[in-house]
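The primary structure of each chain is shown beneath.
Number of protein chains: 2
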Amino acid sequence: MSKLLDNVTGELQRLPGIGRRTALRLAMHILKMETSTVDSLAASIASFRHDIRYCRSCNNLSDGDLCPICTDPRRDRSTICVVEQVADLMSIENTAQYHGVYHVLGGVISPMQGIGPSDLKIDLLCDKLTAGGIREVIIAISTSVEGETTLFYLLNRLKAFPEVKVTTIARGIGFGDELEYVDELTITHALMNRREVER
Amino acid sequence: MSKLLDNVTGELQRLPGIGRRTALRLAMHILKMETSTVDSLAASIASFRHDIRYCRSCNNLSDGDLCPICTDPRRDRSTICVVEQVADLMSIENTAQYHGVYHVLGGVISPMQGIGPSDLKIDLLCDKLTAGGIREVIIAISTSVEGETTLFYLLNRLKAFPEVKVTTIARGIGFGDELEYVDELTITHALMNRREVER
Chain C
65 MSKLLDNVTG ELQRLPGIGR RTALRLAMHI LKMETSTVDS LAASIASFRH
115 DIRYCRSCNN LSDGDLCPIC TDPRRDRSTI CVVEQVADLM SIENTAQYHG
165 VYHVLGGVIS PMQGIGPSDL KIDLLCDKLT AGGIREVIIA ISTSVEGETT
215 LFYLLNRLKA FPEVKVTTIA RGIGFGDELE YVDELTITHA LMNRREVER
Chain Z
65 MSKLLDNVTG ELQRLPGIGR RTALRLAMHI LKMETSTVDS LAASIASFRH
115 DIRYCRSCNN LSDGDLCPIC TDPRRDRSTI CVVEQVADLM SIENTAQYHG
165 VYHVLGGVIS PMQGIGPSDL KIDLLCDKLT AGGIREVIIA ISTSVEGETT
215 LFYLLNRLKA FPEVKVTTIA RGIGFGDELE YVDELTITHA LMNRREVER
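Protein chains in written order, with the numbering used here: chain C, 65 to 263; chain Z, 65 to 263.
Derived from the structure by calculation, the hints contain no laboratory data. As the structure is a computational prediction, the values presented were derived from the model and not from experiment. Mixed in with the good hints there might be a few duds.
The list treats identical chains as interchangeable, and a pair is accepted whether it falls inside one copy or across any two copies.
Each computed DSSO-like pair below joins lysine-lysine, with the alpha-carbon atoms no more than 30 Å apart [as the list claims (entries may be wrong)]:
no. : residue 1 : residue 2
1   : K192      : K67
2   : K67       : K223
3   : K185      : K96
4   : K192      : K96
5   : K185      : K67
6   : K229      : K185
7   : K229      : K192
8   : K192      : K223
9   : K67       : K96
10  : K185      : K223
11  : K67       : K229
Using the sequences and the hints given, assemble the complete structure.
Shown next, in the form of C-alpha cells:
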C-alpha cells in the first residue's frame, strides 16, 4: 500500500470517532478536493493548535488576550455563567438567550483522573468576584458525580462572597423527552421543582 | 467566537460525514493533542494530496511510478482484476486471497454525471492486453445501472482479445445476510447459480 496513504489514514485515526474505514473514506475525498482547499484544511488545523489562546478573563478560547464575549460592550458583565468547557459555552450561546459573560473552568474535579481544584480556573473566578461588580454567578455544570463534587467545592468557595447571588440551571424533563424513559432522579427533581400553572 | 476555531471547524466540515458538531468535537480534541502530533496530521494531509501519484500500469494510488502491487514479484501478472476505485482494490486485498494484479478504472460510465468511457482507464487496460501475457480478466465492478453499463461496454471492448478469459465475480447471498431481507434480483441470481452439494 502507498506510504502516503498509510500516513494520512494513520494520522486521521488519531482523531476521535475515526476508524480505519472512515479514515480511508476521508483520504479518498481529500484526493478529489482542490489542492488549495486541502492546503487550507491542513493549515487551519496546524494554526488552530499553534495560535489559539485562552481568554485572560474567562478562559474561553480566544484569538487574542480577551475573547470576543468579554470584549463585547453589550454583554452584562455583572452576571457570570460558570461552565465546564468551551463546548458548553457554545451550546448556551447558540440559544441566543443569555447576555451575561462566562467563566470556563476547563474541566471538573476528578480524583480518578487526577484533576484537583487547583487544575481548574477557580482562583481566577474568585479573583473576579473579589474585584467586585458581580451580581450573580450561574453554575451550569453537569450532574455527574464529578460535576456534583465540583459544585459542592465551588459553593464552599463562593461562601466568601455573600453579596453575590449563586444559582444553578434548572433540572427537569427536557422538551421532547418521554417521561417513560427519564431517570428517577430527574423526575424527582422535576416534581420537586413543579410550577403552578396560570389559569 | 474565535476566528481560528471558526476556520478549523469550517474547513473540517468540507469533509464527508463531518457536520458542525463533529467538527467542533474534532477541534476540541486537536487542542488536547501534542503540537507535534497535530503538525504531522496536517503535514500528512497536505503531502498526501500533493505527492500521491497513480500507478502507470494499473492506476492504483502509488508513491512512485509503479504501485507496490505491480512491482511485487510474487503477484501473478497474467490475471488482472478490474475494479472501479482504489477502495474496492483495498477490500479485495484485505481478503489476502487474490494474488493477481489489478486495474483501477477510476469510476464507472455515468452519462448523468458526464462520465464517458474516455474518462476511465479503459484504453490503458486494452494496451496491457495488446501487449500480451494476460490469461484472465476478472471484472469486479458494482451491479448498479452505471456498473452494468460499464460492464457491457467493457465486454464489447474485450471482444478484441478472444484469447483472454473474461470472468465476473459471483453474485449471491452474502454471509450473514438474511434471505428475508435480500432483494429479488440477488435471490434470482443465487438460485440460478446454485451449486450441487457433495454428499
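Structure-based check of each hint:
With identical chains, the CA atoms of K192 and K67 are at most 30 Å apart between copies only, with a shortest distance of 26 Å across copies and 52 Å within one. In the homo-oligomer, the alpha carbons of K67 and K223 never lie at most 30 Å apart, since the shortest distance is 59 Å inside one protomer and 37 Å across protomers. Taking CA atoms no more than 30 Å apart as the test, K185 paired with K96 passes between copies only; the shortest distance there is 17 Å, against 44 Å inside one copy. Only between protomers do K192 and K96 lie at most 30 Å apart by alpha-carbon distance; the minimum there is 27 Å, versus 51 Å within a single protomer.
For the homomeric pair K185 and K67, the shortest alpha-carbon distance between copies (23 Å) is at most 30 Å, but the shortest distance inside one copy (43 Å) is not. For the homomeric pair K229 and K185, the shortest alpha-carbon distance inside one copy (20 Å) is at most 30 Å, but the shortest distance between copies (72 Å) is not. In this assembly of identical chains, the alpha carbons of K229 and K192 lie at most 30 Å apart only when taken from the same copy (14 Å versus 81 Å across copies). For the identical chains of this complex, K192 and K223 are intra-copy neighbours only, at 14 Å inside a copy versus 82 Å across copies, given an alpha-carbon limit of 30 Å.
Taking the shortest Cα distances, K67 and K96 sit within 30 Å of each other both inside one copy (18 Å) and across copies (27 Å). When the C-alpha separation of K185 and K223 is checked against a cutoff of 30 Å, the pair qualifies only within one copy, where the shortest distance is 17 Å, while the shortest distance between copies is 75 Å. For the homomeric pair K67 and K229, neither the shortest alpha-carbon distance inside one copy (60 Å) nor that between copies (34 Å) is at most 30 Å.
Of the hints listed earlier, those the structure fails to meet are numbers 2 and 11, in rising order.
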